[in-house]
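Just need the whole structure built from these sequences, with the hints factored in.
Here our numbering is used: the first residue of the sequence shown is 97, the next is one more, and so on.
Keep in mind that the hints were calculated from the coordinates and are not lab data.
Treat the hints with care, as some may be off.
The list that follows gives simulated cross-link-like pairs (lysine to aspartate or glutamate, EDC-like), each with its CA atoms no further than 16 Å apart [claimed, not checked]:
no., residue 1, residue 2
1, Lys604, Glu686
2, Lys512, Asp326
3, Lys610, Asp645
4, Lys699, Glu644
5, Lys690, Asp720
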Amino acid sequence: MQENDRTQFSIQHVIGRFTAQVVRKVRVGQGLLLLLFLLVSLLLSACVPGGAGSDRRQALDTGWSVAIDRSRALTIADIAGLRFDALPGPPALGYVDGAVWLRHTLRADPARAGERLIELQLPGIDEATLFWPQPDGRFSARTAGDRHPMAGRDVRHRNIVFRVDLPAQGDVTFHLRVTGTHNQTFSVVLWEPAAFLEAALEEHLLWGALFALHVVLVLSNLWLFQATRDTTTGLFALYTTVSFGAIVLVEGFGHAHLLDGWPTLNHVLLVAFWMLSVPATYLFVFGFIELLDGTRRWPRRVVAAVAGAAALSLLIDLALAPTWIRPAFSTLQALSAPVLAGVLVWRSLQGAAAARLLLVAMTPTFAAVALKLLRNLGVLEPNLWIDSAYFFGLAFYLLVLNFGISRRVEALRRSKDRAQARALALSRRTESELERRVAQRTEQAASAMQRARDTLELERRVLAEQRVLFGTISHELRTPVAVIYATAQNLLLQQPAAAEPLLARYRKIHDACKQLSHLLNENLREDRFMAVAAITRFEQAQTSELLEDAVAMARLGSDHHGLQATVHGGAERTWCDPVLTRLALSVLAENAVKYTPPGTAVKLTAHVDRSGARAETVLEVVDDGPGVSPDELVRLFEPGYRGEKALATEGSGLGLALARRLVELQGGTLTLSSPPGQGFAGTIRLPGAPPQAA
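Encoded structure:
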């Protein structure tokens with residue numbers, strides 16, 4: 097057993113060392129991945145095509161005018177009656193309850209003539225329709241968006257891209273009808289197709305590096321959680337998974353590549369991941385800084401409240417889709433940053449190292465939120481870096497947290513190794529102590545076995561001596577008893593005319609010898625002595641015969657006592673060993689006449705008691721003599737004890753102890769009672785059926 101324990105500890109130690117090595121390799125790999133991600137980002141930023149002056153890419157950030165259609169029912173033919181207001185910067189949707197009509201005029205430029213692409217650089221637009229003028233004065237209409245299948249788009253891309261033909265001469269005024277629930281400012285870019293393809297490839301490489309980072313974090317932390325069962329690691333894996341899903345869906349990759357045939361499902365998942373990311377953030381942050389350990393109630397209540405608000409917002413948005421729900425939830429999301437920052441500062445002041453690490457990790461994220469706000473206000477020009485700053489800050493945040501968690505796992509592993517080493521040392525000490533105690537117990541058991549063998553040998557010798565003794569007693573008693581019995585018979589035969597008192601004495605001698613001879617023949621046989629304790633011979637005996645035999649034995653020593661035997665209904669037959677029961681009754685009856693004055697009444701009765709769990713046969717011997725004191729009553733079963741009133745009467749003090757033993761061999765009980773002034777009573781209770789049948 098101890099060898100198995102040592103083997104188990106060794107295996108656990110090997111697994112722990114292997115886990116530590118893997119954790120270190122994961123940490124090194126994640127650090128290299130971060131450096132690779134930053135390097136790829138810098139290289140791609142240098143390769144992104146130029147700004148508005150380039151003939152391959154033109155940002156249409158100015159020259160827009162806007163009109164709002166609250167009814168969402170106007171067509172291109174109806175917009176002449178709308179009032180268009182000039183926009184100072186790029187288009188912005190806002191949370192508008194209606195359709196937004198945007199108008200822009202492209203000045204004639206022969207260098208841009210031919211096929212071009214117009215990109216709306218905002219994923220998640222529900223619907224956008226481009227109205228492009230035709231030579232005959234009419235407009236062609238093409239519609240795309242997240243609420244439409246990807247197969248209907250001109251270009252498969254996460255943003256909406258339209259193909260247009262620019263004429264060599266003349267200005268072109270086109271319209272965009274946009275509906276959605278975003279409040280972001282977005283750029284509209286006019287691309288030369290080859291330049292768009294190059295930029296899309298570089299963008300996909302950048303996003304691919306970001307997604308790879310998330311995949312590595314999710315898988316590595318899931319593995320660490322499986323190996324360590326550390327709650328913080330599991331929460332981080334959950335948080336990273338939700339964040340990854342939110343990025344993929346919010347940035348349009350879900351609709352473009354994963355769920356292109358299920359726009360409704362894409363919309364549901366997008367809203368779900370976006371809204372659930374807030375409670376996931378609270379849950380992880382509170383768990384990481386050890387506020388969910390059960391000593392405080394308010395962190396759990398805050399997490400529950402935020403989760404409830406997110407779930408309620410999700411249900412309202414999916415079921416009713418009111419215009420106000422997303423601004424309200426965005427406000428909750430915006431308030432989360434200062435709330436979490438305040439909690440982290442509070443925990444940092446309390447000395448929590450995890451809170452300080454989180455503050456460092458969240459700094460780029462807070463900066464990205466500020467850049468995004470300035471972009472939406474039109475202070476900063478939209479570009480890839482500003483639009484994606486939040487997600488890059490999130491990548492830094494995740495990597496720093498993962499570093500902290502891996503250090504936490506390493507600390508847990510070291511603590512586990514120390515605990516295993518202490519347990520192994522304790523096991524060895526326990527094993528040594530156990531071996532010592534086993535040796536001691538073995539020696540004691542051997543000594544006890546030897547004593548038991550000596551006791552059995554002594555018992556065998558005693559039994560052998562008892563058999564010899566009882567054989568001798570049986571032989572020696574039979575001869576004088578036979579002589580006395582024959583002499584009494586001769587006296588009765590030879591002096592038939594003698595006085596009646598003399599003949600009465602002869603008959604007593606004769607009857608006593610007869611009873612004694614019967615007892616010797618029945619009970620002082622060697623086979624009977626050896627079997628009485630092991631085999632009790634039960635049968636249904638006549639109760640009246642048992643009582644009459646006891647009366648007959650008592651009369652031999654009686655001096656004008658009133659002996660009477662009575663059997664009540666139901667007790668006519670008794671399950672017992674007749675010989676043992678007869679002896680026990682005889683002892684009680686003989687004591688009744690021996691220790692009571694002449695003329696005392698002695699009653700032997702039998703009845704059935706059904707008051708208990710099973711019926712019992714009750715045999716009683718009751719006299720109306722002086723009785724015994726309570727102090728003497730409790731000692732009458734002691735072998736050799738005789739009361740003060742019995743000292744003048746011949747006896748050994750063994751009869752009652754023998755009688756109780758004879759009754760107990762049959763599964764019964766013998767009790768004595770002597771109420772003051774009411775004589776003395778001996779009560780035998782025998783089971784209504786033999787023990788093997790009960």
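Is Lys699 close enough to Glu644, meaning Cα to Cα at most 16 Å? holds, 11 Å
Given hint Asp720 paired with Lys690 - CA-CA distance at most 16 Å: Since the Cα atoms of Lys690 and Asp720 sit roughly 13 Å apart, the hinted pair holds (cutoff 16 Å).
What's the verdict on Lys610 and Asp645, does the C-alpha distance respect the 16 Å limit or exceed it? At roughly 13 Å apart (the allowed maximum being 16 Å), Asp645 and Lys610 satisfy the hint.
Is Lys512 within 16 Å of Asp326, Cα to Cα? holds, 12 Å
Proposed proximity, Glu686 with Lys604 (alpha carbon, max 16 Å): holds, 15 Å
The structure fails none of the hints (numbered hints given earlier).
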